[in-house]
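K.L.:
Spelled out, the chains give:
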Amino acid sequence: MAELKFSKDHEWVRLEGDVATIGITDHAQQALGDVVFVELPELGRQVAAGEACAVVESVKAASDVYAPLTGRVVEVNAALGDNPGTINSDPSGEGWFFKLEVADLAELGALMDEDAYARFVDEHA
Amino acid sequence: MGALHRELGGRMVPFAGYAMPVQYPLGILGEHLHCRASAGLFDVSHMGQAELVGENAAAALEALTPADVLGLKPMRQRYALLTIESGGIFDDFMVANFGNRLFLVVNASRKAEDFARIEAALPAGVKLNRLPDRALLALQGPGAAAAIAPLAPALATMKFMDVAEIAIAGVPCFVSRSGYTGEDGYEISVPAEQAEAFAKTLLSLPGVAPVGLGARDSLRLEAGLCLYGNDIDETTSPVEAALVWSIGKRRRMEWNFPGAERVREELANGARRLRVGIRPEGRQPARGHTAVHAPGGAQVGEITSGGFGPSLNAPMAMGYLAPEFATDNTSLELMVRGKPLAARVAAMPFIPNRYAR
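First to last, the sequence lines map onto chains D and P. Each step along the first sequence adds one to the number in my numbering, with nothing skipped, and position 19 is 92. Each step along the second sequence adds one to the number in my numbering, with nothing skipped, and position 146 is 126.
Just chain D, same shape as in the assembly:
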């Protein structure tokens, strides 16, 4: 399985071919607490890197989820509708949010690897 890349907004990206699967990190799900609802982007939507395109709601508050890369939404995780708690229990697996057909693979270079993200979280804790 491809290695994960991470954004400063606490999303993870897994690239397979030119399709990127995107979710929120374990650190993010812990900070949010129990997720009770997610709003996912519409299929076919064009999103720019850094654009808010999903919303995750915990008991306490609503938070935006940003597209870490520019591209077109080709799939969303409809199973989250019935089981939003999957985002807490398996954030980088079954708790994925959506898939993007990536417009420019070079944008991946702006994301962090696992070690760099761990340092980023420590520095901003």
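No lab work stands behind these hints: they were computed from the structure. Quick caveat: nothing in here was measured; it's all calculated off a predicted structure. Ideal Cβ positions, reconstructed from N, Cα and C, are used throughout, including at glycine. Check the hints yourself; a few may be wrong.
Said to hold, decoys possible - Covered stretches of chain P, as calculated for chain D (at least 3 residues, CB under 8 Å):
id: 1; segment: 174 to 188
id: 2; segment: 256 to 266
id: 3; segment: 283 to 293
Here the structure of chain D is known, so what remains is to put chain P in place on it, guided by the hints.
P.N.:
Structure of chain P alone, referenced to chain D:
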């Protein structure tokens, strides 16, 4: 208490000038459900405590509140509002009659203003004593009474809104059988220097777990209870807020409390808006400040508190609506992130209260 909260793994946040635990490792959802199933311990020491002493203390307080304080029997407590001349609500609070004094518990965010306002209105011979050296703990849930009974059997004989001055595990306490969750339970005022050891004693009781401010908010909203600053403030009247029940019958004949004119006018002719419960369809919560519209139409109100109810297992809210929309089951649209979310007016509490009446 800060050291204990950290020892328990509490995630601390600034609140009304205090570092308070918003949640513990169990999480808001788990803490909420634990409180409804068993018993939760809350540290609410940030709230303001004071006593009012003097022959005419009750009459003095009636100059600031529409509650019947003179008629409050010894060792009983009641919910009351501090009102202002415009008819708005300055704060909501609890007042208990301990026989030789009145004991007040007010909101953390308002205590400085409340106590200054009360003090300024007191006649000679009545004195307000602030009690900053007392902590306040709440033990709430269907298991609360059975859990604490071994420490002080007399607690079991108290009814909802009874108060007692009694030693629990050797600590001198002011206790009320009340709370902010809709469940049975106690609020317990203890000397601050004994609070940490006392809290540890309560946490060692079977079925008791610490609960943070996050679950306190979802519990009170399920119970249909107002949060000052969100659901009531200096612009909302007791009639608009559906809190007329807190106005004493005698006071509604005397009309001698701040804002009486507006309350009387609104009771006679109706208020411009009313506080109601709202249930969104589906799973998506609508938060405070969400605009409420008639289906496909104009704005008819606003949500003041909204979130997800863990025990309701559904989103819930309260807010103010134009009176013609404020009847149960009326269809509404909530404008969440620019999109209409279907909802209905719903009776509160969302989860039935389970007080020890």
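K.L.:
The structure should be examined with respect to each hint, and the outcome stated for every one.
P.N.:
Taking the hints in turn, this is what the structure says about them:
1. Check result for the segment 174 to 188 of chain P against chain D: violated, 0 residues qualifying (beta carbon to beta carbon below 8 Å, three or more required).
2. Using a Cβ-Cβ cut-off of 8 Å, 3 residues of the segment 256 to 266 of chain P lie near chain D, which meets the minimum of three, so the contact claim holds.
3. Restraint check on the segment 283 to 293 of chain P versus chain D: 3 residues with Cβ-Cβ distances below 8 Å, three needed, restraint holds.
Violation of the numbered hints given earlier is confined to hint 1; every other hint is satisfied by the structure.
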